[in-house]
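Working from the sequences, and respecting the hints, build out all of it.
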Amino acid sequence: MNRPKMAKFLCSICRNQTVAALLAAMIYSKAAQKDMKNRDTLIQIAEVFIKGIQFSTEKALQELKTKVNRGYDQQVEGFEEQTEGFKKQVEDFKNIKVKYSLYLAI
Numbered sequence: 001m002n003r004p005k006m007a008k009f010l011c012s013i014c015r016n017q018t019v020a021a022l023l024a025a026m027i028y029s030k031a032a033q034k035d036m037k038n039r040d041t042l043i044q045i046a047e048v049f050i051k052g053i054q055f056s057t058e059k060a061l062q063e064l065k066t067k068v069n070r071g072y073d074q075q076v077e078g079f080e081e082q083t084e085g086f087k088k089q090v091e092d093f094k095n096i097k098v099k100y101s102l103y104l105a106i
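In terms of UniProt numbering, the sequence shown opens at residue 1 and continues consecutively.
Just so you know, nobody snuck in bad clues.
Within a straight-line C-alpha distance of at most 25 Å, the following computed DSS-like cross-link-like pairs (lysine-lysine) qualify:
#1 Lys59 x Lys5
#2 Lys5 x Lys30
#3 Lys30 x Lys51
#4 Lys5 x Lys51
#5 Lys5 x Lys34
The hints are simulated quantities; they were obtained by calculation from the structure and are not laboratory data.
Set out below in structure tokens:
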């Protein structure tokens, strides 16, 4: 039931950490739907994984900006378009908490 170590293990062995954390959040959200007694605890654990996704995507975006600013004096062709796409992904991950809240409410 309450096995955050199992979800953390999944994150540690998966090549794509974002996908692993998203799967863990989905597992705990689904478990929260089925276990009303421990619902609040399970939702809190899911939120920890969601915050991890948000942090990692924001950190990756910041590193990308830093590398570009440090490595190039001229404008990098296509950087703005790529950055905008990445910002949209970050916003999608920020909104995931709201989506799960709505999903759990159904």
